[in-house]
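Colleague: One-letter residues, chain by chain:
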Amino acid sequence: MSNEIMNSGKAREYFSDYYENTLDPGLTKGFEAALAQNAELKHEWKEFEATLSSLEGLRDIEIEIPYGLHDKIVARIDHSVWEKKQSPQTGWFTGWWKSLSMGAVACGVAVVSLIAIGNRQGSSGYSAGIVSGSGEPLLARMNGSEFQFVAALNGEAELVVRDVIAGKELVRIPVDHQRVVCPVSSNDPAGRVISVEMKGSSKIIVALPASGQHSVTSGKVSDFAVLLAAKLGKPVILERVDLGQSASWTMGSEAGTFKLQSTLDLELESRSGMYFLVTKSGK
Amino acid sequence: MSDVFPDDVILIERSQAGDRQAFDTLIRKHEKRAYMYAYRLTSNAEIASDIVSDAFVRIFNALGNFRGQSAFTTWLYRIITNCYLDLKKKDKSKFQVSLDAPVGGDGGDAPRQVEDPSNKPDELSERNERERMVQQALKKLPEYQQTMLTMFHVDNLTYDEIAEILDLPIGTVKSRLNRARLGLRELLAESLELFDLA
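Here the protein sequences come in this chain order: B and L. The number in our numbering is simply the position in the first sequence, starting from 1, with 1309 added. The number in our numbering is simply the position in the second sequence, starting from 1, with 1023 added.
To be clear, the hints were calculated from the coordinates, so they are not data collected in a lab. All C-beta atoms in this analysis are idealised placements derived from N, C-alpha and C, irrespective of residue type, glycine included. Each hint should be verified, as a subset may be incorrect.
Straight-line C-alpha distance at most 16 Å; calculated EDC-like pairs for lysine to aspartate or glutamate [stated by the list, open to error]: (1) B/K1355 x B/E1329; (2) L/K1055 x B/D1380; (3) B/K1351 x L/D1073.
Partner residues aside, some chain L positions facing chain B, computed with beta carbon under 8 Å [said to hold, decoys possible]: (4) D1047; (5) I1050; (6) K1052; (7) Y1058; (8) A1068; (9) S1072; (10) V1075; (11) H1176; (12) V1177; (13) K1197; (14) R1204; (15) L1207; (16) R1208; (17) L1211.
With the rest of the complex left out, here is chain B:
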């Protein structure tokens, strides 16, 4: 068989092997003899070669990666995590999230806003994580090195960001039937404690790292929180913490270690790569 001239059908079966040079020598001879004797087959073979060559030419076509692809992927994952947490729940809350998700797919729009706090010169090496009050349409998360809030509402509302220590409103962002991603940065030497709230959602309070005055050892719990965030190099989410309470503390040499006066019952927790300062008695 190996030295016989093969028929056209058989030869076509070997087009790929011959193209890839993986046909054994005997079959190669038979294949080449078939091409030599059959002009039509030879033409088909030439077309076959040209087809594959053009197909491989598609490698050279530059494909532009859409801006915001990464955000879209992360947002889908966050939403999936959130949905999983909601799965035992039913009712209007689940309903609007689903309709929102469908709406987002249909229009493919994500509004990106930037909350600039302080002079926004530096960026911190924050770690990733998800913070979600259960059932909340407002999430805090790390997206790479960026700390963000993500809000979504199938209705009209506003995302309100306040400086908790200064007691003033920093920014208001409309969340009207859309998904809003708000990167947050702060390079305020004194650090910041901000609250973010939206109708229908629990308030999220976050201490953003201080860049100076690390030697301070007493003040309010809010001062301690921003120093702790600075030590950790990441924002710290505050849960059930009385920020106005007086406190004195000693920071340990290792990041995240500290000693508070005995009357304060605070604990540092790490969940999903983010830090939480929690009042133990409130757990």
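Following the hints, position chain L against chain B.
Modeller: Positioned in the frame of chain B, the structure of chain L alone reads:
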């Protein structure tokens, strides 16, 4: 400047332990390649990014099942391929909109052509036309043939990798790929004046 990323195995182990930053890095490391593959299958930017997003969600939710027996990229290709096939099943008409998207158009969906100074303008336009026809012919093939041809000839995957991605024996992959190539040649046969058959 290209990014330097840690090894997939390390990133996956850390992701499995709940480290979202590690998973984020894993996404950053592979999202471009994933998108390009999805785009080559769909020729539609929005659908391609939906497919990639869904693929990463599936991966995130199945991280615990990944045992590292195959490369992460193999897993990623498998999931993107499945997402694409699922989507095709759900809504074929949606894809047809993009099939005739003009190459180099302003719609944002068409791929850009890389400028090649070695080609004269008429050669370039001939090449572009040829590529456009190949893309259109690819879309007319059955989906599994299209994915195979794209993986092998455009994304440069090996038979072994494709066999693993599609969960098929290598012999089956080879014979199906040969059929797909013959099918593509037949589809292109009418426009072969654009091919240099010398």
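Colleague: Decide, hint by hint, whether the structure agrees.
Modeller: A quick look at each hint next to the structure:
no.	hint	result
1	B/K1355 x B/E1329	14 Å, holds
2	L/K1055 x B/D1380	13 Å, holds
3	B/K1351 x L/D1073	43 Å, violated
4	D1047	5 Å, holds
5	I1050	6 Å, holds
6	K1052	11 Å, violated
7	Y1058	6 Å, holds
8	A1068	5 Å, holds
9	S1072	5 Å, holds
10	V1075	6 Å, holds
11	H1176	4 Å, holds
12	V1177	5 Å, holds
13	K1197	7 Å, holds
14	R1204	6 Å, holds
15	L1207	5 Å, holds
16	R1208	4 Å, holds
17	L1211	6 Å, holds
In summary, the numbered hints that this structure violates are 3, 6.
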